[in-house]
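There are 4 protein chains.
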Amino acid sequence: MPFTYRRVIRFGETDAAGVVYFAALLNLCHEAYEEAIASIQTSPAINPRQFFSGAADTAVPIVHTAADFYQPLFCGDTVSIQLTPKQLTPHSFEIAYIITGADGPDSDYSGLAQSRSDVSVRAITRHVCISIAPRRRVALSPALLSWIATLAASAPEPPKSDD
Amino acid sequence: MPFTYRRVIRFGETDAAGVVYFAALLNLCHEAYEEAIASIQTSPAINPRQFFSGAADTAVPIVHTAADFYQPLFCGDTVSIQLTPKQLTPHSFEIAYIITGADGPDSDYSGLAQSRSDVSVRAITRHVCISIAPRRRVALSPALLSWIATLAASAPEPPKSDD
Amino acid sequence: MPFTYRRVIRFGETDAAGVVYFAALLNLCHEAYEEAIASIQTSPAINPRQFFSGAADTAVPIVHTAADFYQPLFCGDTVSIQLTPKQLTPHSFEIAYIITGADGPDSDYSGLAQSRSDVSVRAITRHVCISIAPRRRVALSPALLSWIATLAASAPEPPKSDD
Amino acid sequence: MPFTYRRVIRFGETDAAGVVYFAALLNLCHEAYEEAIASIQTSPAINPRQFFSGAADTAVPIVHTAADFYQPLFCGDTVSIQLTPKQLTPHSFEIAYIITGADGPDSDYSGLAQSRSDVSVRAITRHVCISIAPRRRVALSPALLSWIATLAASAPEPPKSDD
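Protein sequence lines, in the order shown, are assigned to chains A, B, C and D. The first sequence begins at 1 in my numbering and counts up by one. The second sequence begins at 1 in my numbering and counts up by one. The third sequence begins at 1 in my numbering and counts up by one. The fourth sequence begins at 1 in my numbering and counts up by one.
What the hints contain is simulated information worked out from the structure, not anything from laboratory work. Just so you know, even glycine gets a beta-carbon here, dropped at the ideal spot from N, CA and C. Don't take each hint at face value.
Here are some of the chain A residues that sit facing chain C, going by a computed Cβ distance under 7 Å [what the hints assert, rightly or not]:
| hint | residue |
| --- | --- |
| 1 | Tyr5 |
| 2 | Arg6 |
| 3 | Phe11 |
| 4 | Gly12 |
| 5 | Glu31 |
| 6 | Pro48 |
| 7 | Arg49 |
| 8 | Phe52 |
| 9 | Phe74 |
| 10 | Gly76 |
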């Protein structure tokens, strides 16, 4: 079951080209990830504030990201970010994101918009679970495994450039 | 000839985990790209303010990015970003970036630091030249071709995940 | 009638001190302003995308801001931003913001938290309406006057340092 | 002796109005503060990484800021930020900033540009020294007092709205 996060594009995310700055789109994916961590019931539970605080014994930093940008997004656009995680190894997982502009513009970046006109961005992030001291890879916690299992049933297609 | 941009990591780029936020690292790559556009003599010349204004007849939006994160960066770290562009098609080019922490920490994200201990981030951005109205792909301008040719002699190794 | 905007603090807004970066708190105020522009029915109507695009004949840039920070906010906190505009002159208005942490921490920045324990930030922004070409002050539009009148009934106390 | 920090405005700092986003201008002031902390020899010395890490026993959070915006700044502009601190109380200090566009545009926000045509922004930040646990005000450290004394000889005029 993919998770969907919706919000409005804000002025501070745009740049002088009049559209959302590319790095702000990756930030938008991370927000969806935060919301999915906070919203999904897992067993055992994940404490979101501790999870993102750097104060826990383990952390799950992003070790890779990739994104394809199909259509620009504008201030005031309502977007939905669909998110699907999958486990990669005992100590890592990947999340796929699809950002869709609910009221998307006609224009497109790539000349490919007619075939996938509603998708603005496809992105992935890969996360590795590490212990803080000493810094080394550790297995994903039961809580994270539960989170992945809840959301992972149907993964969206990854960015084409990483196939 | 790769281009190198140096600057200090700022507090506003860090997050509650104590290190630079992943999306801020892609912003750092874009800054190196801006500096390389402004610094390199091309024929004909590129006007940097117009190039990044959205006011020109053509634009070169980013249609893809990918990044591998090897080691965290901290507030106050001096980093160097090495940048190398290469032309992909008549209307597109790719830039490869290597971010190196001049005073890099011992810790690493991935457990691979011993083999490439000084590299914090490898990233790429792909750019397509489009006309603004109507929105369609157009050939790279002579100025951009000159910029690429000046810097493109020796491209660094791309992020491993995009091989 | 003040307008209230609620949202969750995101990881990208925090800094290495573990709390929301001060400039991100002013961005949060601007988001509340954007939401209030988009949500309030005015006569004539305001087109939010055009209003924030830089493509209109007039603009209302921020010419002054001030903020007092009472208590830190953390990733995952749900905050509410109460916003009240008031007209200052025929061509300018001011907005007052109060950011309250719905699940605020016990700690405080200033040692004054016991007397106003639920307020994290008080801020203002001042906006002047200008024509784009030539650049000069112009009267607030009927739509903006309608927006101010709808929300302006009861202004919150401004930041103490600007009294 | 005021401290001066120079850098180029970056694309990621601009918004869809084509100029630097107001909150990014306060971030720019903080960068100048970071550079001034790192650059000035004090006795005893300040460790910049520790100072901005949240890992020290004491912290100096910003409890107030104010800014006046006179002229917009554009991507590619080179700006200089002049910074002057002064001690306010045994546990607090204020920093005044003047941002000047080295190659400033003719346009202005406020209609006042002819009399101060080279100043884009005047801002202040106020900082209170606190202990982390328990959270209460403490005296400024000898290192901070030394930093203030070195730079504080001639303070620039504060933002007019805070007179």
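Okay, the hints, checked on the actual structure:
| no. | hint | result |
| --- | --- | --- |
| 1 | Tyr5 | violated (11 Å) |
| 2 | Arg6 | violated (12 Å) |
| 3 | Phe11 | holds (5 Å) |
| 4 | Gly12 | holds (5 Å) |
| 5 | Glu31 | holds (5 Å) |
| 6 | Pro48 | holds (5 Å) |
| 7 | Arg49 | holds (4 Å) |
| 8 | Phe52 | holds (5 Å) |
| 9 | Phe74 | holds (6 Å) |
| 10 | Gly76 | holds (4 Å) |
Of the hints listed earlier, those the structure fails to meet are numbers 1, 2, in rising order.
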